[in-house]
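The listed protein sequences correspond, in order, to chains Y and S. The first sequence lines up with residues 1 to 115 when you count with the numbering used here. The second sequence lines up with residues 1001 to 1115 when you count with the numbering used here.
Check each hint, because a few of them may be wrong.
Unchecked claim - Here are the in silico distance ranges between beta carbons for each label pair:
no.	chain 1	residue 1	chain 2	residue 2	range
1	Y	Ser12	S	Arg1015	35 to 41 angstroms
2	Y	Ala54	S	Gln1081	48 to 54 angstroms
3	Y	Lys68	S	Arg1014	47 to 53 angstroms
4	S	Arg1014	Y	Pro79	25 to 31 angstroms
5	Y	Glu64	S	Arg1084	37 to 43 angstroms
6	Y	Pro79	S	Arg1084	42 to 48 angstroms
Unchecked claim - Here are the simulated DSS-like pairs of lysine-lysine, each with C-alpha atoms no more than 25 angstroms apart in a straight line:
no.	chain 1	residue 1	chain 2	residue 2
7	S	Lys1103	S	Lys1044
8	S	Lys1103	Y	Lys69
9	S	Lys1103	Y	Lys68
10	S	Lys1027	S	Lys1103
11	S	Lys1071	S	Lys1027
12	Y	Lys68	Y	Lys49
13	S	Lys1062	Y	Lys49
14	Y	Lys68	Y	Lys58
15	S	Lys1062	S	Lys1051
16	S	Lys1051	S	Lys1103
17	S	Lys1027	Y	Lys49
18	S	Lys1071	S	Lys1051
19	S	Lys1071	S	Lys1103
20	Y	Lys58	S	Lys1103
21	Y	Lys49	S	Lys1103
22	Y	Lys69	Y	Lys49
23	Y	Lys58	Y	Lys69
24	S	Lys1027	S	Lys1062
In short, the hints are calculated from the structure, not lab data. As the structure is a prediction and not an experimental result, all values here were calculated from the model. A virtual CB, placed ideally from N, CA and C, is assigned to each residue, including glycine.
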Amino acid sequence: AQSVTQLGSHVSVSEGALVLLRCNYSSSVPPYLFWYVQYPNQGLQLLLKYTSAATLVKGINGFEAEFKKSETSFHLTKPSAHMSDAAEYFCAVSEGIQGAQKLVFGQGTRLTINP
Amino acid sequence: NAGVMQNPRHLVRRRGQEARLRCSPMKGHSHVYWYRQLPEEGLKFMVYLQKENIIDESGMPKERFSAEFPKEGPSILRIQQVVRGDSAAYFCASSLAGQSNEKLFFGSGTQLSVL
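Here chain Y stands alone, though its shape is the one from the complex (with noise of 0.2 angstroms):
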C-alpha cells in the first residue's frame, strides 16, 4: 500500500523567507504526487502535482515542488513567503485502482508566517 509522511506538523517561518515543507511517499509503482492546500474553512485547492513528465513541477502562489526518486521524495518550496501563505498543506499519492483517482494524504503541515 502507499503512504505519505509530512515531517513536521507545524512549521513556522518568516515572511520573506524560504518556506519548505517536506514530503515522503511509498509506492510500489511509479506515483502520481499532488500537494494541497486547506485555508481555514475552505475545501483543499490544489497547488501542483506530479505526473511523470517534469521532475520540478511549478504550481500556483509561486509554489514548486520536486520529485526525486532516489530520495523518494516530493518537498513543496517556494522562496520568499507571504502573509497569506499561512495555511495547512497536505501531500498526497494517487493509489489509481483502476484508473480512478484514490488519493492517499499525510497528516499535513500548518504553516504559519511570522510578520
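For chain Y, the structure is supplied; the task is to place chain S on it using the hints.
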C-alpha cells in the same frame, strides 16, 4: 460555474441519530469521492462513486455508513446511529474523468458534531 457544493456546512446530531450529508459535484463531473478528516489528521478516502454505481468503498466503515449517487440529484453520505467518534469534517470531491493523474475539486466540507 459553481464549484463542488456541500450542505450543510455544519451538522449537529445526538448519539443514535442519523446524519445525511449532501454533495453536488461540479457541472459536468460524474465522478464523486468522499473523504473524512479527523482532528489533527489528514484526509482519509472513504468511497468513490459514479452515477448510480459505487466503484470503490474500501474506505467505508463496514457498518452504519452508506453512500449513493443517484441518476438525478446530489450524492448522499448517510451515517446511521451516529457515535461521538463520527465527529469529523467530511469532504466531497469531484472530477471529470476519474483518472489517476487528474485534479480533484473539493467542496468546503460538512463539519459533523455528535453530542
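Verification of the hints:
no.	hint	in the structure
1	Ser12(Y) with Arg1015(S): 35 to 41 angstroms	holds, 38 angstroms
2	Ala54(Y) with Gln1081(S): 48 to 54 angstroms	holds, 50 angstroms
3	Lys68(Y) with Arg1014(S): 47 to 53 angstroms	holds, 50 angstroms
4	Arg1014(S) with Pro79(Y): 25 to 31 angstroms	violated, 50 angstroms
5	Glu64(Y) with Arg1084(S): 37 to 43 angstroms	holds, 41 angstroms
6	Pro79(Y) with Arg1084(S): 42 to 48 angstroms	holds, 44 angstroms
7	Lys1103(S) with Lys1044(S)	holds, 17 angstroms
8	Lys1103(S) with Lys69(Y)	holds, 22 angstroms
9	Lys1103(S) with Lys68(Y)	holds, 21 angstroms
10	Lys1027(S) with Lys1103(S)	holds, 15 angstroms
11	Lys1071(S) with Lys1027(S)	holds, 14 angstroms
12	Lys68(Y) with Lys49(Y)	holds, 14 angstroms
13	Lys1062(S) with Lys49(Y)	violated, 32 angstroms
14	Lys68(Y) with Lys58(Y)	holds, 15 angstroms
15	Lys1062(S) with Lys1051(S)	holds, 22 angstroms
16	Lys1051(S) with Lys1103(S)	holds, 19 angstroms
17	Lys1027(S) with Lys49(Y)	holds, 23 angstroms
18	Lys1071(S) with Lys1051(S)	holds, 6 angstroms
19	Lys1071(S) with Lys1103(S)	holds, 23 angstroms
20	Lys58(Y) with Lys1103(S)	holds, 15 angstroms
21	Lys49(Y) with Lys1103(S)	holds, 8 angstroms
22	Lys69(Y) with Lys49(Y)	holds, 15 angstroms
23	Lys58(Y) with Lys69(Y)	holds, 17 angstroms
24	Lys1027(S) with Lys1062(S)	violated, 31 angstroms
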